[in-house]
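Number of protein chains: 2
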Amino acid sequence: MSVSLLEQLIEALRVLPGVGQKSAQRMAYHLLERERSGGKRLGQALAEAMEGIGHCGQCRDFTEGEICATCASGSRDRQLLCAVESPADRLAIEQATGYRGVYFVLQGRLSPLDGIGPHELGLDQLGQRLAQGEVSELIIATNPTVEGEATAHYLAQLARQHGVRPSRLAHGVPLGGELEYVDRGTLSHAFGSRLDM
Amino acid sequence: MSVSLLEQLIEALRVLPGVGQKSAQRMAYHLLERERSGGKRLGQALAEAMEGIGHCGQCRDFTEGEICATCASGSRDRQLLCAVESPADRLAIEQATGYRGVYFVLQGRLSPLDGIGPHELGLDQLGQRLAQGEVSELIIATNPTVEGEATAHYLAQLARQHGVRPSRLAHGVPLGGELEYVDRGTLSHAFGSRLDM
Ligand SMILES: [Zn+2]
Ligand SMILES: [Zn+2]
Numbered sequence: 004m005s006v007s008l009l010e011q012l013i014e015a016l017r018v019l020p021g022v023g024q025k026s027a028q029r030m031a032y033h034l035l036e037r038e039r040s041g042g043k044r045l046g047q048a049l050a051e052a053m054e055g056i057g058h059c060g061q062c063r064d065f066t067e068g069e070i071c072a073t074c075a076s077g078s079r080d081r082q083l084l085c086a087v088e089s090p091a092d093r094l095a096i097e098q099a100t101g102y103r104g105v106y107f108v109l110q111g112r113l114s115p116l117d118g119i120g121p122h123e124l125g126l127d128q129l130g131q132r133l134a135q136g137e138v139s140e141l142i143i144a145t146n147p148t149v150e151g152e153a154t155a156h157y158l159a160q161l162a163r164q165h166g167v168r169p170s171r172l173a174h175g176v177p178l179g180g181e182l183e184y185v186d187r188g189t190l191s192h193a194f195g196s197r198l199d200m
Numbered sequence: 004m005s006v007s008l009l010e011q012l013i014e015a016l017r018v019l020p021g022v023g024q025k026s027a028q029r030m031a032y033h034l035l036e037r038e039r040s041g042g043k044r045l046g047q048a049l050a051e052a053m054e055g056i057g058h059c060g061q062c063r064d065f066t067e068g069e070i071c072a073t074c075a076s077g078s079r080d081r082q083l084l085c086a087v088e089s090p091a092d093r094l095a096i097e098q099a100t101g102y103r104g105v106y107f108v109l110q111g112r113l114s115p116l117d118g119i120g121p122h123e124l125g126l127d128q129l130g131q132r133l134a135q136g137e138v139s140e141l142i143i144a145t146n147p148t149v150e151g152e153a154t155a156h157y158l159a160q161l162a163r164q165h166g167v168r169p170s171r172l173a174h175g176v177p178l179g180g181e182l183e184y185v186d187r188g189t190l191s192h193a194f195g196s197r198l199d200m
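Sequence order for the protein chains is A and B. Using this note's numbering, the first residue of the first sequence is number 4, and each one after it goes up by one. Using this note's numbering, the first residue of the second sequence is number 4, and each one after it goes up by one.
Next up, chain A with everything else stripped away, as it sits in the complex (with noise of 0.2 Å):
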């Protein structure tokens, strides 16, 4: 018998993290039951996401775009330039804190056992960015996990190396934590003590 679009729903939907057999079916009954058109509206949403969003030219964050909304701005401080791990980690500081500058998104953590290096964080293209001279501090927030600590200190150095100011996040971010899961006024306030490094 070949295998039903309810089937495949179910099977689809755990491509999702954290969803299994169980909450897969339960996703697929509801949407069944009670939202038809948000279904519809969400495997819409999944084609053009999917198929349109790229990375920005500049920061490395998912974008539609050339350039993310961000960059293109021109109301932001180009001489601030905050290296992050990854788009959520962009967006916890962006909805945390006050930020005006600008971000580079690594899309990772050096991870070497993992065959991830500075090439595949783009370092080569920070460091390019680094040396026009436009930026004065490099903000490092990376998460403080042994693989951010070590991409943290490779970052300071890259920064040195091209006479700008390297600076971390102050403590207060929980050791061991993700900053996706940080609480705002945390988040805020470890952003504004941030200290040179």
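Worth double-checking, as some hints may not be accurate.
Any copy, or any two copies together, can satisfy a pair, since identical chains are not distinguished.
[Said to hold, decoys possible] With a cut-off of at most 25 Å between alpha-carbon atoms, the simulated SDA-like pairs for lysine to any residue come out as follows:
1. 43 to 74
2. 43 to 22
3. 25 to 37
4. 25 to 179
5. 43 to 111
6. 25 to 6
7. 43 to 7
8. 25 to 51
9. 25 to 43
10. 25 to 10
11. 25 to 139
12. 43 to 56
13. 25 to 41
14. 25 to 187
15. 25 to 7
16. 43 to 10
17. 43 to 20
18. 25 to 127
19. 25 to 80
20. 25 to 151
21. 25 to 40
22. 25 to 5
23. 25 to 97
24. 25 to 186
25. 43 to 14
26. 43 to 70
Everything labelled a hint here was simulated from the structure, so no lab data went into it.
Got chain A; can you put chain B with the ligands on it based on the hints?
Frame of chain A; chain B with the ligands shown alone:
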């Protein structure tokens, strides 16, 4: 500024049950970073399922055809009819037990305050089916909640009116619980020990 594809995707994901802003962000980033093709497949599966899945003309379960695979099967015992509240309950029984009869999916439970009466549950259609004389036992597998019990009593009465023996699942299903979440062993035992009512 217009809403970006990413923002549209995050908003659309919130249609899923139990998914708030933070989870939706995490899902969107996960798909963009690691599961583009899975995300496309999900979009396609949603589009097809929301458009193509309707209700079986015989049992009211979800199906993309006129009649679902179970009702169309030549190897099911049509003397046994099992009434369940939802497709998820039907699936739980099908997966947990060796039941070889057919089903009737109420797609709800009696709830006069919400305007859900016998007609909304297809009980006129069920009455006609019972009147045809093929069904000898109506296995009532509503949930052990107040409304589920009220529905069970109504169904038992309907069965007796047509000379059909009503039965219900044995004790073993926890009171106040939902069939869908009962472990297979308990559900299988309760199904096998069903009692006349
Ligand atoms: Zn950008
Ligand atoms: Zn059917």
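Worksheet item: If you check each hint against the structure, which ones fail?
Response: Violated: hints 1, 11, 18, 19.
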